[in-house]
Each structure stands twice: as C-alpha cells, then as structure tokens.
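There are 2 protein chains.
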Amino acid sequence: MAAIGSEIERLIQFLAKLPGLGPRSARRAALVLLKKRDTLLEPLTAALREAADAILTCEVCGNLDTASPCAICNDPRRDPHLLCVVEDVADLWALERAGVFRGRYHVLGGALSALDGVTPERLNVTGLLVRVKQDVDEVILAMNATVEGQTTAHYLMDLLGDMKVTRLAHGVPVGGELDYLDEGTLSAAFKARRSL
Amino acid sequence: MAAIGSEIERLIQFLAKLPGLGPRSARRAALVLLKKRDTLLEPLTAALREAADAILTCEVCGNLDTASPCAICNDPRRDPHLLCVVEDVADLWALERAGVFRGRYHVLGGALSALDGVTPERLNVTGLLVRVKQDVDEVILAMNATVEGQTTAHYLMDLLGDMKVTRLAHGVPVGGELDYLDEGTLSAAFKARRSL
Chain U
1 MAAIGSEIER
11 LIQFLAKLPG
21 LGPRSARRAA
31 LVLLKKRDTL
41 LEPLTAALRE
51 AADAILTCEV
61 CGNLDTASPC
71 AICNDPRRDP
81 HLLCVVEDVA
91 DLWALERAGV
101 FRGRYHVLGG
111 ALSALDGVTP
121 ERLNVTGLLV
131 RVKQDVDEVI
141 LAMNATVEGQ
151 TTAHYLMDLL
161 GDMKVTRLAH
171 GVPVGGELDY
181 LDEGTLSAAF
191 KARRSL
Chain D
1 MAAIGSEIER
11 LIQFLAKLPG
21 LGPRSARRAA
31 LVLLKKRDTL
41 LEPLTAALRE
51 AADAILTCEV
61 CGNLDTASPC
71 AICNDPRRDP
81 HLLCVVEDVA
91 DLWALERAGV
101 FRGRYHVLGG
111 ALSALDGVTP
121 ERLNVTGLLV
131 RVKQDVDEVI
141 LAMNATVEGQ
151 TTAHYLMDLL
161 GDMKVTRLAH
171 GVPVGGELDY
181 LDEGTLSAAF
191 KARRSL
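Protein chains in written order, with my numbering: chain U, 1 to 196; chain D, 1 to 196.
Hints are not guaranteed to be accurate.
Any copy, or any two copies together, can satisfy a pair, since identical chains are not distinguished.
As the list claims (entries may be wrong) - Taking lysine to aspartate or glutamate and the EDC-like style, the derived pairs with C-alpha atoms no more than 16 Å apart in a straight line are: (1) Lys35 <-> Glu50; (2) Lys164 <-> Glu138; (3) Lys164 <-> Asp137; (4) Lys164 <-> Asp135; (5) Lys17 <-> Glu42; (6) Lys133 <-> Asp162; (7) Lys35 <-> Asp137; (8) Lys35 <-> Asp88.
No wet-lab data here; the hints were simulated from the structure.
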C-alpha cells in the first residue's frame, strides 16, 4: 500500500504476530502508538527493552523471572514437599493470582499433542522426574481440562508410579449457571457432589 | 502478584493499553514475546524504535509518513483539485487499500462529539478551509456513517458554502445479505436505487 511507509508496515507486521491482534487491530494499535508517542510508544519500547534484558527462564521450574532460580523456587516459606505441575507459565500466574498454593511449581512448557507433534521429549519431563525424587511428597497435576492436558496428566501419572499424585477437581465454576454448562462438567460436578 | 516480576508487570501494563488487548490478552502477549525473543520481541522493539524516529505527521494533510509533506501530498500524479476529507489516518489507509481515489486527503483528526467534548477547534478545520481555497474543485466528505461522522459532515458542508461538496453513497455492502442489514441502510439503498 503506497500510503503506508515501510516503517509503519513493519511495525504493523510485528504487532499482528501478538496473540489477540489480527491485521486490522494491529493497524489500529500502530496508529494509537504513533499518536501517543510519549505516553505509550516510548514507555512500551522501554518496557520491552527492559524485559528482554532482565527476564530469564528459571532453570529449576521454568518460570520467568529476573533471577534463576526464580523468586518462588528461592522462597523459603514455600513448601518444597508440594510440587504443582502446570503446562505453561500463564497457568502458574493464574494459580498465583488465586493465591491458593504455597508449594513450588514445575512448568512443562506445553501439553502432549499428536496433532501438533508435541512428544514427551519436547516437554520438560526429565527435569520433573529428577525433582520429584528430591523430597517431594505430593505432585499436583494442574493441567488444562482439555484433551491434550488430560492426556499429559495420564502420561505423567503413569511415569510417577507410586508417588502421591493428585489433580484439580472438576465441577461447576464459581458464579457459573447450570443452564450454561456442558454435560461433561455437570456430570463431573454431580458425581463429585459433597455432603453439606 | 508475587510471581510476576515488575519488569513483566510493566510490560503487561503498557501492552494492555493497546486497542484490542485487554488485561488477559496482554498477559498472553507478554508471555509470547518473552518466549519468542529473537523472532518477535527484538524485531518489535526495533520496529517501534524506527517508527518513533522516522514517522512524522504531514503538515499539509495530517497523514503519517516519513516525510512532511507526505508521499501522497508530494505525488504529482495525484489530482490536487480533488480533496477527500476523512476523520482519521485509518480511514485514509482504508481508502488507499480500496485504491479508488486519486486525489489528495485531509485528515480532520476525529469527528465532532458533544459527548466526548470534541469541538470544531479540536479538529483540523482551519487547515481545511485554507486548503479548499487553493484550486480545489470538489471536496469529498468521507466521514463514518455514524452520528458523529454525519454531524461533522453537515457542519463542514455549511462551512464550505458554495463549493462542490459530495459524500460517499449509502447502500448495501458488497457481499452483504439484505436479511442482515438494518432498516436505515436498506431504506437508503432503496431510495438511491439505479436503473440497470
């Protein structure tokens, strides 16, 4: 397009690679960035620069932090006997937001998927097997409730043999309405009903 | 959140200010950026840097380009007697993608809106009035078909007095199905029907 200079084209092209931004919203984002140079473009560039310089992948658990081992692995108040296995750093963040877990994490880096060619070798399974031998009492498999996530959980359960392995409960989401739930969730919630 | 370092927090915060990205998708975008450093984070940072350094607002028409006057204003093949007034640079890009217009543009920088406090003084109306006196035969008002856009078009039509002023046609969008169109569009398309 003649009207857009190559610098803007390139910016749009890279913005469009971000998840959640298609070509149209990438164009809108580029325009907003160019209009708000001092309040958005410059600070975002600086934040990207700083993140690129400062953020490491934790060699122990796979979390992203400014140090390796990360703040969670280094925190003496967190129980080293509890290990929660997640697919992705985003899942670790979600559990930390919930503030429900006081042990340590292990980030697999994905879930098994024959379709996408994700084999056990492409996940951090070896690291997990080394860690569970170091004084871990319980492994919590916090995979997504997807086919890939559950396949991964079953695969890991077989590998972990006679360890205490648990998984997250299925059920009605808090605030959820029964009428809008799928049959699988409803049936899981019904089977796992608890006495009041 | 303890699990996210302040560098990542800051990155997420600025990403969330982009149109189209909410807090959740900004977190996903930050993770993807940190995972794809060489293929995404570094090139995006460089593209932002280059755009910030190179892109100017054209003093004549308000377009964004590496030069002022911009490539369109400087292009001798474009008809200087035709002036197309748009609300925003994004609209100029859209018309250029359609490749339908071979004159020059004037970017107002918005549309009149009592609700958002956009008065004529906040739009580039003065510049437009100067330009239309310089050998312009026809002013095409290519505002959005919104209340604000049409208010702006009527306001400009009054200001432009006895000049030849046109506006874009209303009608059925190409590929559109009548059943899905609103009554306003259908009625405009019906009234503006043409003989075959």
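Consistency of the hints with the structure:
1. Lys35 <-> Glu50: Between copies only: 15 Å across, 23 Å inside.
2. Lys164 <-> Glu138: Cα proximity of Lys164 and Glu138: one copy only (5 Å, versus 79 Å across).
3. Lys164 <-> Asp137: within (7 Å within a copy, 82 Å between copies)
4. Lys164 <-> Asp135: Answer is within: at 12 Å inside a copy they meet the 16 Å cutoff, but 84 Å across does not.
5. Lys17 <-> Glu42: For Lys17 and Glu42, only the inter-copy Cα distance (13 Å) is at most 16 Å; the intra-copy one is 20 Å.
6. Lys133 <-> Asp162: within (12 Å within a copy, 87 Å between copies)
7. Lys35 <-> Asp137: neither (55 Å within a copy, 31 Å between copies)
8. Lys35 <-> Asp88: between (35 Å within a copy, 11 Å between copies)
The structure is inconsistent with hint 7 alone, although it conforms to all the rest.
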